[in-house]
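Fit chain B to the given chain A structure using the hints.
Each chain, written out:
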Amino acid sequence: MLTILGHLVESMVQQAHKDHPVETCGMIAGSLENRLPQRFIPMVNKAKSTDFFEFEPKQYLQVWREMEQRNEVPVVIFHSHTQSIAFPGRADREFALDPNIHYVIISTTSEQKNCVRSFRICNAEVIEERIKAVASYLPVLA
Amino acid sequence: MSVTINIPAILQNLTHNKKSIKTTGSSIAEIINTIEAEYPGFRDRVIADGKVHRFMNIYVNDDDIRFLNNLDTKVSSSDSITILPAVAGG
Chain A
35 MLTILGHLVE SMVQQAHKDH PVETCGMIAG SLENRLPQRF IPMVNKAKST
85 DFFEFEPKQY LQVWREMEQR NEVPVVIFHS HTQSIAFPGR ADREFALDPN
135 IHYVIISTTS EQKNCVRSFR ICNAEVIEER IKAVASYLPV LA
Chain B
130 MSVTINIPAI LQNLTHNKKS IKTTGSSIAE IINTIEAEYP GFRDRVIADG
180 KVHRFMNIYV NDDDIRFLNN LDTKVSSSDS ITILPAVAGG
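Which chain is which? The protein sequence lines are A and B, in order.
According to the numbering used here, the first sequence is numbered sequentially starting from 35.
According to the numbering used here, the second sequence is numbered sequentially starting from 130.
Keep in mind that the hints were calculated from the coordinates and are not lab data.
Glycine residues also receive a C-beta, built at the ideal position from the N, C-alpha and C atoms.
Heads up, a few of these hints could be off.
As the list claims (entries may be wrong) - Cut-off 25 Å, straight-line C-alpha distance, at most; resulting in silico cross-link-like pairs (DMTMM-like, lysine to aspartate or glutamate): (1) K148(B) x E167(B); (2) K147(B) x E167(B); (3) K92(A) x D208(B); (4) K148(B) x D132(A); (5) K151(B) x E102(A); (6) K147(B) x D191(B); (7) K80(A) x E67(A); (8) K82(A) x D132(A); (9) K180(B) x D208(B); (10) K147(B) x D132(A); (11) K180(B) x E44(A); (12) K82(A) x D192(B).
Said to hold, decoys possible - Cβ pair distances, simulated, as ranges: (13) A176(A) x N162(B): 48 to 54 Å; (14) G179(B) x A169(A): 51 to 57 Å; (15) K180(B) x P55(A): 16 to 22 Å.
Next comes chain A alone, as it looks inside the complex (with noise of 0.2 Å):
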């Protein structure tokens, strides 16, 4: 299960919805001791695509030498479909190469839009995870 902020479901949609047609992209970013996500992260699609994502490099390099400063780790990484419904394709699944990442897909198709999920990716097999929006952390750290 993904436990996340509300307001942090709300800027990914929104961001999402800014990029349309081109697929939107990011991370939110949260401490190494509680793997909650905290930090929102846009990135900018290098392939500028329709269907493709790619962080822009030398953004990334940079984004990860704060996180690393910051004893961070990207615990979401999200990205929307603008022609597909919200679930990982062929691509997706390829290069998530990380199982403790929430890998976030936006559909913003006309039929899906809004429609968020949430997805574990190990060796290219996908497990759905439901997303539980919270107002605060501070129930699950109690």
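Chain B in isolation, oriented as in the chain A frame:
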């Protein structure tokens, strides 16, 4: 020559959970071979068909080695070397 290389989380299971490794070598290829000798399996996760794996990026300071001299890129002890998995999808 001694250099330090930053290891991404997904490869740290091969490097005994080390986030960075001090190793030796004057080029990226030499460095990866030295790491492979100590941590078997490392090279195959980073290199495929004699090139940087398409799912990985290797940076010397701020530059992707694909835009330098690929695996023959020379390094010095003052360089920051970082391996990062590419983040991409469809």
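- [ ] Mind checking the alpha carbons of K180(B) and E44(A) for me, to see if they're no more than 25 Å apart?
- [x] violated (40 Å)
TODO: Given the range 16 to 22 Å, decide if the beta-carbon distance of K180(B) to P55(A) lies inside it.
DONE: Because 33 Å falls outside the window, the suggested range is violated.
TODO: Given the hint of 51 to 57 Å, check if G179(B) and A169(A) actually sit that far apart at their C-beta atoms.
DONE: holds (52 Å)
Task: Straight-line alpha-carbon gap K151(B) to E102(A), limit 25 Å - done: holds (18 Å)
Open item on the list: Hinted pair, alpha-carbon criterion (25 Å max): K147(B), D132(A). Please report holds or violated.
Closed with: holds (17 Å)
- [ ] Could you grab the alpha-carbon distance between K147(B) and E167(B) and see if it respects the 25 Å cut-off?
- [x] Given that 25 Å is the threshold and the Cα spacing comes to 12 Å, the pair holds.
Task: 25 Å limit on alpha-carbon distance, applied to hinted pair K147(B) and D191(B) - done: holds (22 Å)
TODO: With respect to the beta-carbon atoms only, verify the hint that A176(A) and N162(B) lie 48 to 54 Å apart.
DONE: With a Cβ separation near 50 Å, A176(A) and N162(B) satisfy 48 to 54 Å, so the hint holds.
Open item on the list: Hint check: K82(A) vs D132(A), CA-CA at most 25 Å. Holds or violated?
Closed with: Within the cut-off at roughly 24 Å; holds.
TODO: Below or equal to 25 Å on CA atoms is what counts here, so check K82(A) against D192(B).
DONE: holds (21 Å)
Open item on the list: K92(A) and D208(B) were given as a pair; does the straight-line alpha-carbon distance stay at or below 25 Å?
Closed with: holds (16 Å)
TODO: Below or equal to 25 Å on CA atoms is what counts here, so check K80(A) against E67(A).
DONE: This hinted pair is violated, its Cα atoms lying about 31 Å apart.
In this structure, the earlier hints numbered 7, 11 and 15 are contradicted, and the remaining ones agree with it.
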